[in-house]
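Colleague: Next come the chains, spelled out residue by residue.
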Amino acid sequence: MVSLKTLTEKLDLKVALSESELATAIQSLSSLDSAGEGEISFLSSKKYRRVLSATKASAVLVTGEDAELCPEGCIALVVDDPYLAFAKISHYFATESKIAPVIHPSAIIDSEASLGENVSVGPYAVIEKGAVIADGVIIGAHCFIGEQASVGRHSRLHHRVTLAHHCVVGENCQIFSGAVIGSDGFGYAPTETGWYPIAQIGRTVIGDRVEIGANTTIDRGAIDDTVIESDVIIDNQIMIGHNVKVGSKTVVVAQVGIAGSTEIGKNCTIGGQSGFAGHLKIADGSFFAGQSMVTKGTTQAGYYASGIPAQDGNEWRKMVARIRQLEKMNERLKALEERTKED
Amino acid sequence: MVSLKTLTEKLDLKVALSESELATAIQSLSSLDSAGEGEISFLSSKKYRRVLSATKASAVLVTGEDAELCPEGCIALVVDDPYLAFAKISHYFATESKIAPVIHPSAIIDSEASLGENVSVGPYAVIEKGAVIADGVIIGAHCFIGEQASVGRHSRLHHRVTLAHHCVVGENCQIFSGAVIGSDGFGYAPTETGWYPIAQIGRTVIGDRVEIGANTTIDRGAIDDTVIESDVIIDNQIMIGHNVKVGSKTVVVAQVGIAGSTEIGKNCTIGGQSGFAGHLKIADGSFFAGQSMVTKGTTQAGYYASGIPAQDGNEWRKMVARIRQLEKMNERLKALEERTKED
Amino acid sequence: MVSLKTLTEKLDLKVALSESELATAIQSLSSLDSAGEGEISFLSSKKYRRVLSATKASAVLVTGEDAELCPEGCIALVVDDPYLAFAKISHYFATESKIAPVIHPSAIIDSEASLGENVSVGPYAVIEKGAVIADGVIIGAHCFIGEQASVGRHSRLHHRVTLAHHCVVGENCQIFSGAVIGSDGFGYAPTETGWYPIAQIGRTVIGDRVEIGANTTIDRGAIDDTVIESDVIIDNQIMIGHNVKVGSKTVVVAQVGIAGSTEIGKNCTIGGQSGFAGHLKIADGSFFAGQSMVTKGTTQAGYYASGIPAQDGNEWRKMVARIRQLEKMNERLKALEERTKED
Numbered sequence: 001m002v003s004l005k006t007l008t009e010k011l012d013l014k015v016a017l018s019e020s021e022l023a024t025a026i027q028s029l030s031s032l033d034s035a036g037e038g039e040i041s042f043l044s045s046k047k048y049r050r051v052l053s054a055t056k057a058s059a060v061l062v063t064g065e066d067a068e069l070c071p072e073g074c075i076a077l078v079v080d081d082p083y084l085a086f087a088k089i090s091h092y093f094a095t096e097s098k099i100a101p102v103i104h105p106s107a108i109i110d111s112e113a114s115l116g117e118n119v120s121v122g123p124y125a126v127i128e129k130g131a132v133i134a135d136g137v138i139i140g141a142h143c144f145i146g147e148q149a150s151v152g153r154h155s156r157l158h159h160r161v162t163l164a165h166h167c168v169v170g171e172n173c174q175i176f177s178g179a180v181i182g183s184d185g186f187g188y189a190p191t192e193t194g195w196y197p198i199a200q201i202g203r204t205v206i207g208d209r210v211e212i213g214a215n216t217t218i219d220r221g222a223i224d225d226t227v228i229e230s231d232v233i234i235d236n237q238i239m240i241g242h243n244v245k246v247g248s249k250t251v252v253v254a255q256v257g258i259a260g261s262t263e264i265g266k267n268c269t270i271g272g273q274s275g276f277a278g279h280l281k282i283a284d285g286s287f288f289a290g291q292s293m294v295t296k297g298t299t300q301a302g303y304y305a306s307g308i309p310a311q312d313g314n315e316w317r318k319m320v321a322r323i324r325q326l327e328k329m330n331e332r333l334k335a336l337e338e339r340t341k342e343d
Numbered sequence: 001m002v003s004l005k006t007l008t009e010k011l012d013l014k015v016a017l018s019e020s021e022l023a024t025a026i027q028s029l030s031s032l033d034s035a036g037e038g039e040i041s042f043l044s045s046k047k048y049r050r051v052l053s054a055t056k057a058s059a060v061l062v063t064g065e066d067a068e069l070c071p072e073g074c075i076a077l078v079v080d081d082p083y084l085a086f087a088k089i090s091h092y093f094a095t096e097s098k099i100a101p102v103i104h105p106s107a108i109i110d111s112e113a114s115l116g117e118n119v120s121v122g123p124y125a126v127i128e129k130g131a132v133i134a135d136g137v138i139i140g141a142h143c144f145i146g147e148q149a150s151v152g153r154h155s156r157l158h159h160r161v162t163l164a165h166h167c168v169v170g171e172n173c174q175i176f177s178g179a180v181i182g183s184d185g186f187g188y189a190p191t192e193t194g195w196y197p198i199a200q201i202g203r204t205v206i207g208d209r210v211e212i213g214a215n216t217t218i219d220r221g222a223i224d225d226t227v228i229e230s231d232v233i234i235d236n237q238i239m240i241g242h243n244v245k246v247g248s249k250t251v252v253v254a255q256v257g258i259a260g261s262t263e264i265g266k267n268c269t270i271g272g273q274s275g276f277a278g279h280l281k282i283a284d285g286s287f288f289a290g291q292s293m294v295t296k297g298t299t300q301a302g303y304y305a306s307g308i309p310a311q312d313g314n315e316w317r318k319m320v321a322r323i324r325q326l327e328k329m330n331e332r333l334k335a336l337e338e339r340t341k342e343d
Numbered sequence: 001m002v003s004l005k006t007l008t009e010k011l012d013l014k015v016a017l018s019e020s021e022l023a024t025a026i027q028s029l030s031s032l033d034s035a036g037e038g039e040i041s042f043l044s045s046k047k048y049r050r051v052l053s054a055t056k057a058s059a060v061l062v063t064g065e066d067a068e069l070c071p072e073g074c075i076a077l078v079v080d081d082p083y084l085a086f087a088k089i090s091h092y093f094a095t096e097s098k099i100a101p102v103i104h105p106s107a108i109i110d111s112e113a114s115l116g117e118n119v120s121v122g123p124y125a126v127i128e129k130g131a132v133i134a135d136g137v138i139i140g141a142h143c144f145i146g147e148q149a150s151v152g153r154h155s156r157l158h159h160r161v162t163l164a165h166h167c168v169v170g171e172n173c174q175i176f177s178g179a180v181i182g183s184d185g186f187g188y189a190p191t192e193t194g195w196y197p198i199a200q201i202g203r204t205v206i207g208d209r210v211e212i213g214a215n216t217t218i219d220r221g222a223i224d225d226t227v228i229e230s231d232v233i234i235d236n237q238i239m240i241g242h243n244v245k246v247g248s249k250t251v252v253v254a255q256v257g258i259a260g261s262t263e264i265g266k267n268c269t270i271g272g273q274s275g276f277a278g279h280l281k282i283a284d285g286s287f288f289a290g291q292s293m294v295t296k297g298t299t300q301a302g303y304y305a306s307g308i309p310a311q312d313g314n315e316w317r318k319m320v321a322r323i324r325q326l327e328k329m330n331e332r333l334k335a336l337e338e339r340t341k342e343d
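In order, the protein sequences belong to chains A, B and C.
Numbered per UniProt numbering, the first sequence spans residues 1 to 343.
Numbered per UniProt numbering, the second sequence spans residues 1 to 343.
Numbered per UniProt numbering, the third sequence spans residues 1 to 343.
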């Protein structure tokens, strides 16, 4: 529960609300159509304007332009960017308890590891020799922090995150459960009798304000490092191979795979389940649709896509058959061209 | 080891077996062609009928129609649905020891968590404040149950499952190792300097008799809940985004990704590695082939597919080249049409 | 730090180096262009020959043919296979501390489990009844080894690996963090009211020198075993279904999915994100490009591929539209053929 006064202060809003309006208690955040009394909502897309005029929310974040659509009894909070304002106040309604800066007695922390102030370490976490955990860091239950690894200020590793030896996580990062940072890259030399493993001596180095989703894996470099620059957001179940570089502010959606040594530029968007071959160079600002099959680099910002969207199964079967006959169709076309030319 | 008598009782079979037949000791379950004495098998598909007549199994589950194909010395157990009968008796041959309803002394259970009767909690599991674990639940080693989360009667979380705070698992569910239920959804507001994370205040709510495979992740909702209805079966390494809904009895095969707010209907089958864009609505009874790229919703039950199956690499290269020339082929065709029209 | 003498001995090199050359201290391994004094590098591809002639490395692994390209002051170490030589010496530069053969006191090891000599068991690992851990095995922190499971000599399970009951890992294997070996296969019999789970009574059996990447899952067999033969290398986030067989020396790249009962031959290469339908038979030596959609088996070695690589989004949209019109294009072509025939 939080007052509108607190929320507007957080948003640095200079709105002319009456004392009674400011005192309104907001219990939760809700979507426009399901919001009721004591709830705040937001309008971030023109297409929901109609819903706004019927909302039962006590207050709504809107642009100046849309404010007049607010119904009677609903307080319009005018902001430049309602979606960002919503993001900012969402944290008042987070349901998780604040995590105390306490080292759980069951955590096993090597005597040569270094912990900053106000660090929280959950039950059964293991922190090895030479690891450096900065101020305000939260290490969840069952996490493993390898030797000489480091975590920057105010970063949080949720439950059972693996941060392998010598790897680096910057400040204000969030890494979710099951993520494995710094596992060995997939490097083997072929021999006559089998595969000879190559020691992976690089690290995984992660910048500041990076978010890494559940069960994502980011392998350590073979010789040089695998690098995730600052402000990158990475969803769940993504596989990033050794020596990959991901440029700042890039967004990587779930289940993407990026093969070794590929460099993704800054400000890119990588749609879910896309796959990148190794050793590619992707230009800043490249946007890939979901399930893209990326076999060549890009040299300029732009929208890229591949694949044929799903359709009715019978139509699909016919389409595949026709595609397989394209070679023949081309020959038929050529024959026709020649024949009609002769005429 | 179990007698045929016990098995037929389990199946509620009213077959006229002699006392000596009923006393037959069955040691294990096997496929028709590898079964030997003391083993039971089943015929669930017409195409294996020939194998049936040569089986060395001591007993076989068959339909009435196929019973006569059983060879000499092999007892035919006539059932309506041999595959289901096989499923039912398979549990007699499970190799895992029965798990005792014991709380391992190393489990860390908050004093304000509530545990029902006959609960088993494995070593190093962590159960936080306000969590509610119902009767007969099994929590495996290294599991993490967040505050206020709940697990319904007779559900089992295998080893190292994460169930985040406030999330709900129904009754008789099975969740396999490495699954992460209720991690934060991928929600960020863009700002000039980077991505502002949105608190994910919804939950993940899972119905009854739901099965969730190893290393699958089901994110919590942004505002409302992510919902998996009862009787849904979900394979390994599946990614279900925030606010997705999956209708009852739907089957989701491995490595599928479902982006935020998409609603999958009831009784659907989602082939492995398929990907769904966000905010789609998929009709009840939709069946998607593996690797489907689903960019639009469906309005009726049916079979849907996408993609071109793998082929010989040289053929594939030609095909891709031809597809890239389709625009030109169409122009050539048009030119021909005009030219021949003039004739 | 290691002397060239040690390295050349390791490589069994009979090179005529002077005493002072042999005494050269090598501090690290580096790529040709970033190497400096005290560093060793290698040339494994003709295309980097130009870089070789400008390298600042103290020593370089090269073939006899390329030795003359080594610049002044750089010692050429002539070997048959520079990449393999690099692989062999890479381990001298590994940054991880040697793991002592110590059983951490917090590990919970059943009194009926059997441990060989020189075994290392990390903190909070759990090893159940009847498990057999051979000599020289390393079990990382938070690992779970189920009852009757076994791990062969000198294999290493990194942190939080799950090896389920009765499953078998051979000798000299490496399994990385988050892998789940032997989870139940996805087997259910349909009933009128829902899905009836089938007990998965097979095992997962893994040969010698197999490598399994982070967060990969290999399900146990339904009746018979899931089998990974010796010398197979498996990357991260791969899903191998029940009763799959993978032949020796096969390489499986990240995020591949292989559905139940499919048999992959020996010496195959499976590109990343490829998906295999169930019950296929793939010939020895089959090579699949990344993102292959494999719906039929192969009967001979060869290169196979599928899918259309990503392209500019506008071109892609036109291409998809044209593909959807192929049926009509074919009709137009046919009409033309008939019309011009009549001429």
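By construction, these hints were calculated from the structure, which means they are not laboratory data.
Given the structure is predicted, the values throughout are model-derived calculations rather than measurements.
It cannot be assumed that every hint is accurate.
Since the list can't tell identical chains apart, any single copy or any two copies may satisfy a pair.
Unchecked claim - Pairs of lysine to aspartate or glutamate residues, derived as DMTMM-like cross-links and limited to a Cα-Cα distance of at most 25 Å, are as follows:
hint, residue 1, residue 2
1, 296, 192
2, 341, 331
3, 328, 338
4, 129, 338
5, 56, 229
6, 98, 224
7, 98, 229
8, 341, 327
9, 328, 315
10, 46, 224
11, 56, 72
12, 318, 331
13, 266, 315
14, 129, 68
Colleague: List, from low to high, the hint numbers that the structure doesn't satisfy.
Modeller: 1, 4, 5, 7, 14
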